[in-house]
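Undergrad: Line by line, the protein sequences are chains C and E.
Residue 57 is where the first sequence starts when you use my numbering, and the numbers rise one by one after that.
Residue 302 is where the second sequence starts when you use my numbering, and the numbers rise one by one after that.
Keep in mind that the hints were calculated from the coordinates and are not lab data.
Among the clues, some could well be false.
[Unchecked claim] Distance condition first, Cα-Cα at most 25 Å in a straight line; then the derived DSS-like pairs of lysine-lysine: (1) C:Lys76 <-> E:Lys418; (2) C:Lys163 <-> C:Lys58; (3) C:Lys269 <-> E:Lys486; (4) C:Lys268 <-> E:Lys448; (5) E:Lys506 <-> C:Lys107; (6) E:Lys303 <-> C:Lys269; (7) E:Lys418 <-> C:Lys58; (8) C:Lys93 <-> C:Lys197; (9) C:Lys83 <-> C:Lys158; (10) C:Lys227 <-> E:Lys439; (11) C:Lys262 <-> E:Lys506; (12) C:Lys127 <-> C:Lys93; (13) E:Lys418 <-> C:Lys226; (14) C:Lys76 <-> C:Lys138; (15) C:Lys226 <-> E:Lys359; (16) C:Lys262 <-> E:Lys359; (17) C:Lys107 <-> C:Lys120; (18) E:Lys486 <-> C:Lys262; (19) C:Lys98 <-> C:Lys58; (20) C:Lys83 <-> C:Lys71; (21) C:Lys71 <-> E:Lys486; (22) C:Lys71 <-> E:Lys506; (23) C:Lys269 <-> E:Lys439; (24) C:Lys227 <-> E:Lys486; (25) C:Lys76 <-> E:Lys506; (26) E:Lys359 <-> C:Lys268; (27) C:Lys262 <-> E:Lys331; (28) E:Lys303 <-> E:Lys439; (29) C:Lys268 <-> E:Lys506; (30) C:Lys58 <-> C:Lys262; (31) E:Lys506 <-> C:Lys58.
Each chain, written out:
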Amino acid sequence: MKRLFLASQFYVSGKSIGVKIPDDLKKNTVFITTSIKYRVFKESELDWHYKNRATLAESGFIWKDYDITGKSYSDLVRDLAKYNVIYVEGGNTTYLLQQAQKNEFPKYILDRVNNGMIYVSESAGSVIAGPDIYANSRPGKAPIDYGLTDTKGFGLVNFAILPHWGMEDKKPDYSSHKIPQSYNEQFPYILLTNNQYIEVTNDWYKIIDVTKK
Amino acid sequence: MKHLFLTSSIGIPGVGESIRTMLGHDRPLKAVFINTPVEGDDQSDLSWVDEERVGLNKNGFITFDYTITGKNLSQIQADLADIDVLYISGGNEFYLKEKSTESGFETFVNEFVNSGKIYIGTSCGSIIMGEDMTPLQKLSDLTALLKPIDVVGFGIVDFTILPHWGSQDFRGRWLNNESFNLMYKENSALIALNNYEYVEVLGDKYRIIDVRSEK
Chain C
57 MKRLFLASQF YVSGKSIGVK IPDDLKKNTV FITTSIKYRV FKESELDWHY
107 KNRATLAESG FIWKDYDITG KSYSDLVRDL AKYNVIYVEG GNTTYLLQQA
157 QKNEFPKYIL DRVNNGMIYV SESAGSVIAG PDIYANSRPG KAPIDYGLTD
207 TKGFGLVNFA ILPHWGMEDK KPDYSSHKIP QSYNEQFPYI LLTNNQYIEV
257 TNDWYKIIDV TKK
Chain E
302 MKHLFLTSSI GIPGVGESIR TMLGHDRPLK AVFINTPVEG DDQSDLSWVD
352 EERVGLNKNG FITFDYTITG KNLSQIQADL ADIDVLYISG GNEFYLKEKS
402 TESGFETFVN EFVNSGKIYI GTSCGSIIMG EDMTPLQKLS DLTALLKPID
452 VVGFGIVDFT ILPHWGSQDF RGRWLNNESF NLMYKENSAL IALNNYEYVE
502 VLGDKYRIID VRSEK
């Protein structure tokens, strides 16, 4: 059975996600850190990332960090075989895809998820789960900045997520880039606020808003 | 269990066919075509209404037109007692909401949908099933409507559909500052749906079908 939990901001919705995953599986989680490895951050810039880690811990996840950068396909197969849950962190979607294309991580993850590995993510990790990442790019994090000519995502779901919808600090990006870039007839777009996540079970999904009962 | 098909445009070839395949009905289904939203829309070219009707009729949904304008709930319940399918057309969702409030139509829709019978909507008919129609205010003409505009949908699904997304015909309506400012809020989830897609709702879960991928 295919199961995914695609969040916009994990530390907001993670507890709701955590209760839906059995404890024995949560204890065997791999945390993909690659999307925050594209540059060196000051600690103060990673407040959201540490909140995500805290939420994972509070929700019963036990994980090992893993960066796919520089790994080969056989490394992925060997290193990730033992995990039941994969958590893909937010950050730079374009960089994550660049690294993923180098070692066929999309092929690996598609196969694992189709065979029951539970996929949990936020922001970049949720965007890349869809059919394509292009709509979510912006200057400085555009495909051309990373030498990408192919912007296909993992294709785990047939819709593209636009995360952090409604956040004031993201408004200029959406107005100038993401909405114009998503105005096409390629696939459906789901505009997801930080209070919402999409729960996928096989081909069906629900949008959960954690502020509602 | 609720079973809804929320389309952007059932007049697009392949959409009605896909819904028919999903339902697998082997007999004609009696379908009411609620055309009230058309009354609140631009009357200069209504060819799209005929296209919607064709999309239904050629797929085993035998339609008859019906408006809720001027009706009351008991009339609506009596008139639509034997239908298999409730269809609400495209048009003006805010005009439809106004007429629903006047007639009690929303009560009928809720009872019908919760009984497990089939609901199909196009554009306005898909938007109205959500909770919040705020983002759509630039899409329809509001000048003749009662103020303040009632932007609350029927609340049968927990998302709001932005129909005709990506279409050149609607580019100017979607891609402008006023529309963006109405949409850009932390409210119900928004699904931007192009003309080749529809949302199938079954109980509390849903999926989006692209009819181009079925060929």
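Undergrad: If a hint holds in the structure, say so; if it doesn't, say that too.
TA: Hint check:
no.	hint	in the structure
1	C:Lys76 <-> E:Lys418	31 Å, violated
2	C:Lys163 <-> C:Lys58	15 Å, holds
3	C:Lys269 <-> E:Lys486	20 Å, holds
4	C:Lys268 <-> E:Lys448	29 Å, violated
5	E:Lys506 <-> C:Lys107	30 Å, violated
6	E:Lys303 <-> C:Lys269	19 Å, holds
7	E:Lys418 <-> C:Lys58	29 Å, violated
8	C:Lys93 <-> C:Lys197	13 Å, holds
9	C:Lys83 <-> C:Lys158	29 Å, violated
10	C:Lys227 <-> E:Lys439	19 Å, holds
11	C:Lys262 <-> E:Lys506	5 Å, holds
12	C:Lys127 <-> C:Lys93	14 Å, holds
13	E:Lys418 <-> C:Lys226	41 Å, violated
14	C:Lys76 <-> C:Lys138	21 Å, holds
15	C:Lys226 <-> E:Lys359	46 Å, violated
16	C:Lys262 <-> E:Lys359	31 Å, violated
17	C:Lys107 <-> C:Lys120	17 Å, holds
18	E:Lys486 <-> C:Lys262	20 Å, holds
19	C:Lys98 <-> C:Lys58	37 Å, violated
20	C:Lys83 <-> C:Lys71	15 Å, holds
21	C:Lys71 <-> E:Lys486	23 Å, holds
22	C:Lys71 <-> E:Lys506	21 Å, holds
23	C:Lys269 <-> E:Lys439	30 Å, violated
24	C:Lys227 <-> E:Lys486	10 Å, holds
25	C:Lys76 <-> E:Lys506	16 Å, holds
26	E:Lys359 <-> C:Lys268	41 Å, violated
27	C:Lys262 <-> E:Lys331	30 Å, violated
28	E:Lys303 <-> E:Lys439	30 Å, violated
29	C:Lys268 <-> E:Lys506	16 Å, holds
30	C:Lys58 <-> C:Lys262	14 Å, holds
31	E:Lys506 <-> C:Lys58	15 Å, holds
The structure fails to meet hints 1, 4, 5, 7, 9, 13, 15, 16, 19, 23, 26, 27, 28 from the earlier list, while all remaining hints are met.
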